[in-house]
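J.: Protein chains in written order, with our numbering: chain G, 1 to 130; chain P, 1 to 284; chain U, 1 to 569.
Read the hints as simulated data drawn from the structure, not as lab findings. It is possible that part of the hints are untrue.
In silico DSS-like pairs for lysine-lysine, Cα to Cα no more than 30 Å straight-line [unchecked claim]: (1) P:Lys60 with U:Lys425; (2) U:Lys425 with P:Lys210; (3) U:Lys25 with P:Lys60; (4) U:Lys500 with G:Lys57; (5) U:Lys425 with U:Lys402; (6) P:Lys147 with U:Lys425; (7) U:Lys25 with U:Lys500; (8) U:Lys326 with G:Lys57; (9) U:Lys326 with U:Lys500; (10) U:Lys291 with U:Lys500; (11) U:Lys326 with U:Lys402; (12) P:Lys147 with P:Lys210; (13) P:Lys210 with P:Lys99; (14) P:Lys99 with U:Lys425.
Computed from a predicted model, the values in this text were never measured in an experiment.
What follows is the residue order along each chain.
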Amino acid sequence: MRTEARLLIGVAIFFAITGVGYWFWSSEQSGTAMLVGAVLLGIVPGSYYLWWSHRMKPRPEDRADATVPEGAGVIGAFPGSSIWPFVMGMGLFALVLAAVFGLWLLAPAFAAIFAAAIGYTRESRRGGTV
Amino acid sequence: MLLGILLGGCKLPTFYGYRGVTSQSHDESLLYEGTVIAAIVVGVITGSLIIWSALRYRRKSDTIPRQFQYHIPLEIFYTVVPIVIVLALFGFTVYTENKIDNVVPNPALNIRVTAFQWGWRYDYTNYHVFVEGVRTEDPDPVGLDGKTCVQSAPTPNDCLGPGLVMPVGETVRITLLSNDVVHGFYVPQFNFSRYALPGVVNRFDFNVQKPGIYRAQCTQLCGLYHAEMFFHVVALPRAQFLAWVHGSQPQPITDAGPIPTAAQSAKAFVPAAPAATTKSSAAS
Amino acid sequence: MTVLAERLPAGAHAEHHDEPTLIVKWLTTTDHKVIGLSYTITSVILFFLSGIMALAMRVQLSSPGGAGMSPQTYNELFTMHGAIMLYLFAGPFAFGGLANYIVPLQVGAPDMAFPRLNAFSYWLYLSGSITMLLGFFTSTGAAAFGWVAYAPLSSSVYSPGPGADLFIMGLFLTGFSAVFTAVNLITTIFYLRAPGLTMFRMPIFTWNMLVTALLILIAFPVLTAAMLLLFADRHFGTHFFTVSGGGVPVLYQNLFWFFGHPEVYILALPYFGIITEILPVFSRKPVFGYKGLPFFSLLSLLIAVPTGIKFFNWIGTMWRGQISYKTPMLFAIGFLLGFLMGGLTGVMLASPPIDFATHDTYFVVAHFHQVLLATAVFAGFGGIYFWYPKMFGRMLRDGLGKAHFWTLFVGFWLTYLPQYVLGLKGMPRRVFIYPSGLGWGALNMASTVGAFLIGASFLFMLVNLFVSWRNPIPAGDNPWDGHALEWFTSSPPPHHNFVKLPPIRSERPTWDFNHPDAPVLPHGRHAKEQPALVGVGSPAGTSGGPAQTPSAPADGGTAPGDGSGETGH
């Protein structure tokens, strides 16, 4: 976990240096604001990982000497096939087309989005369908 | 090596680039030529290494080569060398850019250039004169030595679009504006281009060294007829420039006229007869 | 049903139940391999579409008078050509397609961390692409303001009509798709690696995808926001980018290039990763200077220096190797030479005075086409030739692949070398017509001929795919003697990818497993000091065969199940 944390904090430091340089070089606000955003993007998860990495045992994938049996067993729960990502995607498709071709498309858009949201949630509770 | 080239004068090959007819652009061409030579050196060395190792180490047997992965001195070497090259390029760049962007306090002539869809307007603010033309038409086809543009240009197509007349050997201040969208003011033989941005004022100086007619064009996509938003620079000796700028009688400001259709302008780029003269005193 | 992914002892197979029809399977899939292939196939179809547009433009430019295309059509074509190639092909091809397929395999994961989000990303990408292309079917035509969509040309005053809106909305959708895929990849790489696969044992391909994902998270939200602001300017009466309303057009350029600058690396790094997979395998060598490469990938944000350094990593990898010239290797060499030229002209353009002289001319066009073809075409299709046996379990024909390469290689140089000269002579980009008498005609004609060679070269690939489909030659698990973990599993990989794993003691576990007598030489000792290969002790020890010892299932518990957080059943 520690390498991952250092990577993200490294990203933050890189953009912090860039941001300070950019501000003094150009005094331009929009770019500086975006660079501040990039710093936050690195520092927030990075410091969280770093905090955790001091409180947990190194995982098998963090240790150079880990053997395969150490990683055997349940890795996690992976959903099976599901129609809802497709429905949600088509809902957003209709949503953006509504912005161009007419607001009547909002009806199918929201119908699909709500259906998908409900479907996602029920699928998670039940442990997946289809 | 680059320093020696810069000091050594301008007898380098141009590598298809222009030498540059303004005093500012000459520095650019030196930088360009030096950079091309450096790029060729780097490219030939790297390319030969690629081709050499590709040919030399073809698989000839089924043995496994030595599995070396690190060579610290070599890695330091090929990290340091590119840094040195880039720093050198950066140094020459700063030096040249300062010379190109340098604006003098008192230019001999001020011209306000306004780009619009799809043409150019030049305001000679010192003389209360302006020239305005759209796309391929030249409203005031002035050329060298009292001739027309087509008569004195190397090819007729160098005369497309309105002519930006300026004196030779004097510093001309261009103030670049845009009326609508982003345009690009680009004179190839000046080795120079600059965006014309709406809401932004760009200023730069030219000091043309050689009389002539230099074709030019908008380079930033600006809509339907971007491809035909031509203009050209007419660099005249001072006497001829003064004769031109004082020469024409004040005329009422005429409309630029209807924009020719794509078919009309696509078939021939030779400008029409000098009918639509729009040079006028800005009698306000 | 929810599948509990387990790392199983050898011999076990994931079960398959009922077999729904192909289309239902495709619509409901959450398998990273199917999604990765969908991304790849969609992006390649778009690549062909966009390539045909390029050929139409080259026909128009082959002579000064043009071939009768209207400026409106031409402007639409180059806008959509650029937008498709940059937003819908070059990025998704590598990052959505190959990364999706290969990264979970290389880190030994059963799937991406969020499989349903992954599927959702693909549907956003597909619908975004369709949205953008719909512009051609509207009465006012597709967007015609260039792929950068600079304000105020892209405002409702200068670009009225739904084509521009569809362009903006298409980018909006694909932008979200890229961000979701980036989140997914980062989580997969951080949480689903195999035991012993530390960060500094990940293959460079995976490393580069990780860096790309971080860059996408920084860059793409800005693009999406800029598109929303632009849409608001067009329809809701705001004035972010209009001078008359007190707005600042340059703000759009600032926002866009905050995206555009990292985008250059977002498009390049995945392909550098592909090259760094191909070269070592066909040279039978480890990657030269491995530990520095991830670092330089990060630093490439700075300037060209790290990219230059990579060249020497690549040359060092080939150096004293045993290089076999299969099709992927030829494409990798083509990449090296093409990218060398594109990179050197890029360094020149980075110098503002030279940029003043060549800005928005064909010099720039030639430069970035050489860079992009070297990466997305040479490296990208090299990657296809490389991983196709893994994806389908069958080989592509080497002879047809080589014919593809050589036609492409000749066409590549014939197309772009004349364009450099045209740019230096002052031919601007994005012009549908140019004056005669300036000596530009012959150079443009040469460029057009080259473009058609590039187009023709892909016919060899299509024939190759057809032949491989009709008369398959089985590939086996590891046809190239590959290095990384994806070559350890079967071709194509089973559901949830691995039934067994090798011990991971370096960044090339499959090689270590197959060649226990040829480990990487110890750090700091290089070839000269190494008398012979035989007898060199393994630095980290390759202890035995594949993991077959079933152990008590330890609860890994680190992989969130698509946000549901449920380790249910």
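J.: Now look at each hint and say whether the structure bears it out.
T.: So, going through the hints one by one against the coordinates:
1. P:Lys60 with U:Lys425: violated, 47 Å
2. U:Lys425 with P:Lys210: holds, 19 Å
3. U:Lys25 with P:Lys60: Roughly 47 Å separates the two Cα atoms, so the pair is violated.
4. U:Lys500 with G:Lys57: Holds. U:Lys500 to G:Lys57 sits at ~25 Å (cutoff 30 Å).
5. U:Lys425 with U:Lys402: violated, 35 Å
6. P:Lys147 with U:Lys425: Cα-Cα ~26 Å, so holds.
7. U:Lys25 with U:Lys500: Given pair U:Lys25, U:Lys500 holds - Cα atoms ~26 Å apart, limit 30 Å.
8. U:Lys326 with G:Lys57: Violated, because 45 Å separates the two Cα atoms, which is more than 30 Å.
9. U:Lys326 with U:Lys500: holds, 29 Å
10. U:Lys291 with U:Lys500: Within the cut-off at roughly 27 Å; holds.
11. U:Lys326 with U:Lys402: holds, 8 Å
12. P:Lys147 with P:Lys210: holds, 17 Å
13. P:Lys210 with P:Lys99: OK: P:Lys210 and P:Lys99 at ~19 Å, within 30 Å.
14. P:Lys99 with U:Lys425: Satisfied, since the Cα-Cα distance of roughly 23 Å is no more than 30 Å.
Of the hints listed earlier, those the structure fails to meet are numbers 1, 3, 5, 8, in rising order.
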